[in-house]
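A.B. asks: Now for the letters of each chain:
Protein chains: 2
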Amino acid sequence: MSPKKSKHHDKPIISDIGEKKLIKRLLARSRALQPNSPFFDEFYFKSLSDDAALLNMDDKYLVVTSDLLLESSHFPTEMSAFNKGMKAVTVNVSDLAAMGAEPVGFVLSLGLPHDLPLEEFDEIICGVLEACQTYKMGLMGGDTNQAGELILSGTCLGVVDKKKVFMKEGANPGDVVAVTGPLGVAAAGFEFLLSPTSVKENLKERIKPSTIETIQKYALEPHARLNEGLILGRKGVVTSATDITDGLASELDELMQSSPHKVGITLFETMIPLIPEVEEIASVLNKNPLDFALNYGEDFELLLTIGEDAFDKLKDDLGLIQVGIVTDSGKMEIVDKEGKTNTLEKVGYEHFKQ
Amino acid sequence: MSPKKSKHHDKPIISDIGEKKLIKRLLARSRALQPNSPFFDEFYFKSLSDDAALLNMDDKYLVVTSDLLLESSHFPTEMSAFNKGMKAVTVNVSDLAAMGAEPVGFVLSLGLPHDLPLEEFDEIICGVLEACQTYKMGLMGGDTNQAGELILSGTCLGVVDKKKVFMKEGANPGDVVAVTGPLGVAAAGFEFLLSPTSVKENLKERIKPSTIETIQKYALEPHARLNEGLILGRKGVVTSATDITDGLASELDELMQSSPHKVGITLFETMIPLIPEVEEIASVLNKNPLDFALNYGEDFELLLTIGEDAFDKLKDDLGLIQVGIVTDSGKMEIVDKEGKTNTLEKVGYEHFKQ
Chain A
1 MSPKKSKHHD KPIISDIGEK KLIKRLLARS RALQPNSPFF DEFYFKSLSD
51 DAALLNMDDK YLVVTSDLLL ESSHFPTEMS AFNKGMKAVT VNVSDLAAMG
101 AEPVGFVLSL GLPHDLPLEE FDEIICGVLE ACQTYKMGLM GGDTNQAGEL
151 ILSGTCLGVV DKKKVFMKEG ANPGDVVAVT GPLGVAAAGF EFLLSPTSVK
201 ENLKERIKPS TIETIQKYAL EPHARLNEGL ILGRKGVVTS ATDITDGLAS
251 ELDELMQSSP HKVGITLFET MIPLIPEVEE IASVLNKNPL DFALNYGEDF
301 ELLLTIGEDA FDKLKDDLGL IQVGIVTDSG KMEIVDKEGK TNTLEKVGYE
351 HFKQ
Chain B
1 MSPKKSKHHD KPIISDIGEK KLIKRLLARS RALQPNSPFF DEFYFKSLSD
51 DAALLNMDDK YLVVTSDLLL ESSHFPTEMS AFNKGMKAVT VNVSDLAAMG
101 AEPVGFVLSL GLPHDLPLEE FDEIICGVLE ACQTYKMGLM GGDTNQAGEL
151 ILSGTCLGVV DKKKVFMKEG ANPGDVVAVT GPLGVAAAGF EFLLSPTSVK
201 ENLKERIKPS TIETIQKYAL EPHARLNEGL ILGRKGVVTS ATDITDGLAS
251 ELDELMQSSP HKVGITLFET MIPLIPEVEE IASVLNKNPL DFALNYGEDF
301 ELLLTIGEDA FDKLKDDLGL IQVGIVTDSG KMEIVDKEGK TNTLEKVGYE
351 HFKQ
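Those protein sequences? They're chains A and B, same order as listed. Under the numbering used here, the first residue of the first sequence is numbered 1, with each subsequent residue one higher. Under the numbering used here, the first residue of the second sequence is numbered 1, with each subsequent residue one higher.
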């Protein structure tokens, strides 16, 4: 690992290599130091490349997820304090859902600007507690600190039967690639919310109010697919899974990279679930709606691979939508509307990379 | 809870009420929403007022601690990236030690400035991993994000026998009040490190180099009293405990406030363990060395209450130092060198309060 030097610095800086390589560096170092404890087992290091850690608890795993949310990079100005609190919980529960784990408790570490209105503090906490109730767990504790910006650092604990846990690795050629809901809606919401005020005013005249309402709701009030994850977990039919936080293409790449044997994935453009609201925003903004689904994050839908028979049995009850199939090609491909097969590039959002 | 309005704002801001009241607000709200889960029991909410949360695991508790460290408020400029990583682990392990719990794993969420040198990132991770090895646990996972300043948000998991756990509540009149080591050394170190460069240069000429070395080590390389906590835990003789992060007076107040029945504490000035280096710094800086011990934090020594017989048996092996006794007065008092009893005010460090 000798990253090229930055144009602007003598020494390499983290933006020179990006988040995923940083995490690989971190894991490479920690792998060298396997702890000798009854709480760790063969799954332990596999879990490190997932967005959660697994600890032995008899016939169950204790699952630990952690996510740090910052005002400057995770909260659009339109997001209410209540929804910021909700999101700090949701992003963690989504990681549990992606493993079929059931939440048991949440720990919140807060960084707070000294001049934060007390009212906003209360709303953040209400949002956290509301989300904890929604996902049937308790707020276990936390820590508050003075900070330059609002920081919500959440850790969520969950449990899952060892036989039932699903992870990023495990996809088999022939499996159906499925998602739990429409893609790119939050992306459309962020595209709208993050456009300059002047542009936004103009857009409001050209976009249906109901569309604006829908896409904003997906962007500002994300929901974790916990029930789907728990039901799929109980069935024990999922071969691999993750949640879609960085865009479909990037998450598919993660599933492929995690696989111990060579697998590929072929998507079918006609199967990608795009709702009319996403099509409308894309056309108004002159963008490709498919791009919202493939290359943006924040959908928090589950992405999973599952045997064909199991998929057919469960798709209606769980609203599963097939988007492609697992192959043995080792490549990510997408079949377009004309039936032409193209290579699928992953260009999901990554911290430290612009 | 209707805090007075700030002089500078129409609406109350969090600095108007301070950290401890903020946490009380948070807990008051979460108490109203007791989760219905086999993982929670009667100890659960008691643990919320400790610096850790407890979850049921058969005959053990899973202990979860969380601490958020920020460049701007927790790391003096002299602190190396390696020591920043170490500290992120140490502050959490110290919370486990204060309950007699054994560490099982650590989760790290990082907020990183985009221009952080890769070398510093590596050193931070090395510090984290070194500390994880020192305390015999693994780095279980984490999360990285782009941030305006360096943020190290750590969550530590530990286990402790239900019969052996000690908490802030439980002190009994007649118990010995003891600490595990000298107090105020880190405080002396920070007083030196945080003084303006010009002043510092002048100080260096008036303070023994060996003294500067000692106090800086305590300030920059804090160590958690894990072994002492584990041994005391196995003996099951501690009636209440906490770690000294906010100064002895403030922590004693915590033990008193946590007690379901009325207890008081009387300290003896002549018993407070002040090392010569602290005396030297205090005299050079024209401060009262006792103030370093009573009203500064960052010592990370354990503060505990314990029956007199048990104390006499263990004090030599564990280096326990008596500083006072538990009374039934409901007051915090200190007996000075002349034998005069004075009220002891708690003025420990508190976020959002200057």
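If you are wondering where the hints come from, they were derived from the structure by calculation, not from laboratory data. You may find that some hints are simply not true.
If chains are identical, the list can't say which one is meant, so a pair holds when it fits in one copy or spans any two.
Calculated lysine to aspartate or glutamate pairs in the EDC-like style (CA-CA distance at most 20 Å, straight line) [what the hints assert, rightly or not]:
id : residue 1 : residue 2
1  : 315       : 161
2  : 287       : 149
3  : 162       : 58
4  : 208       : 279
5  : 11        : 123
6  : 164       : 336
7  : 262       : 336
8  : 60        : 169
This structure is a prediction, so every number in the text was calculated from the model and none was measured.
A.B. asks: Hints first: check each against the structure and report whether it holds.
C.D. replies: Tested hints:
| no. | hint | in the structure |
| --- | --- | --- |
| 1 | 315 - 161 | neither (23 Å within a copy, 45 Å between copies) |
| 2 | 287 - 149 | neither (33 Å within a copy, 34 Å between copies) |
| 3 | 162 - 58 | both (9 Å within a copy, 18 Å between copies) |
| 4 | 208 - 279 | within (12 Å within a copy, 73 Å between copies) |
| 5 | 11 - 123 | between (43 Å within a copy, 14 Å between copies) |
| 6 | 164 - 336 | neither (35 Å within a copy, 63 Å between copies) |
| 7 | 262 - 336 | neither (24 Å within a copy, 75 Å between copies) |
| 8 | 60 - 169 | within (19 Å within a copy, 32 Å between copies) |
Checked against the numbered hints given earlier, this structure breaks hints 1, 2, 6 and 7; the rest are met.
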